[in-house]
Amino acid sequence: CNLLIKMAKELGREEFVPELQQESDHLFKVINEKLWDEKNGFYYDFDLPHRISTEDFPKIEAEIKRLIELDEPFERRVVDAEEARKLLAGQKYKLERLEDVVNDGAEITMYSVGDYVELCRGPHVARSSEIGVVKLVRVSGSYYRGDEKNKMLQRVYGIIARDQADQCLIQHRVDRGRH
Numbered sequence: 009c010n011l012l013i014k015m016a017k018e019l020g021r022e023e024f025v026p027e028l029q030q031e032s033d034h035l036f037k038v039i040n041e042k043l044w045d046e047k048n049g050f051y052y053d054f055d056l057p058h059r060i061s062t063e064d065f066p067k068i069e070a071e072i073k074r075l076i077e078l079d080e081p082f083e084r085r086v087v088d089a090e091e092a093r094k095l096l097a098g099q100k101y102k103l104e105r106l107e108d109v110v111n112d113g114a115e116i117t118m119y120s121v122g123d124y125v126e127l128c129r130g131p132h133v134a135r136s137s138e139i140g141v142v143k144l145v146r147v148s149g150s151y152y153r154g155d156e157k158n159k160m161l162q163r164v165y166g167i168i169a170r171d172q173a174d175q176c177l178i179q180h181r182v183d184r185g186r187h
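Residue numbers (the numbering used here): 9 to 187.
Derived by calculation from the structure, the hints in this document are not laboratory data.
Where a beta carbon is used, it is the ideal one built from N, C-alpha and C, also for glycine.
Watch out, some of these pointers could steer you wrong.
Claimed, not checked - Label pairs and their in silico Cβ distance ranges:
#1 Arg129 to Pro81: 16 to 22 Å
#2 Pro131 to Asp108: 16 to 22 Å
#3 Tyr124 to Tyr152: 19 to 25 Å
What the hints assert, rightly or not - Listed below are the simulated DSS-like cross-link pairs for lysine-lysine, each with C-alpha atoms no more than 27 Å apart in a straight line:
#4 Lys159 to Lys94
#5 Lys73 to Lys157
#6 Lys159 to Lys100
Could you put the whole structure together from the sequences, leaning on the hints where they help?
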């Protein structure tokens, strides 16, 4: 059982964990264009020319907060492979992931918030305002698909919480677990 789910259970908030993790991840992608770090909450891998550092976190977190406050709906759409390819045009990593989904014969679902569209299984909360607090905690390197022959990407980790009090508790437990 992952640490975040354990903490949510202890806080009596486990019903929010899957949706909160998904939405935090999506909003983080909106600003920078996989999920589920078993210890800290969520992560996202980036292939950017800019080297992300912890100095960037306050600016990114402020933008995430702004997007949460917009209270936009998360909308789910089932699409065929052709439509998904059009929606993901120019995004090589996402197009490669789409081909995995197609080859597996799985349903292709796209989620959107505002004008951002993402290939994703879900689930999601109904609106961005239901997310709560997102805190970025560290950045590291990660080979694409975990293969050292592939390109090194930047991985940014974060935690999510229902409110600031929960975020402080989770952060304390995460920090304590590192020592």
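Results of checking the hints against the structure:
1. For the pair Arg129 and Pro81, the beta carbons lie near 18 Å from each other, so the given range of 16 to 22 Å is met.
2. The hint said 16 to 22 Å for the Cβ distance between Pro131 and Asp108, and at roughly 20 Å that hint holds.
3. Restraint check, Tyr124 to Tyr152: a C-beta distance of roughly 22 Å satisfies the suggested window 19 to 25 Å.
4. At most 27 Å may separate the alpha-carbon atoms for a hinted pair to count; Lys159 and Lys94 meet this at roughly 25 Å.
5. Distance restraint check for Lys73 and Lys157: the Cα-Cα separation of roughly 36 Å exceeds the 27 Å cut-off, and the hinted pair is therefore not satisfied.
6. Restraint check: the Cα-Cα separation between Lys159 and Lys100 comes to about 13 Å, which is no more than 27 Å; the hinted pair holds.
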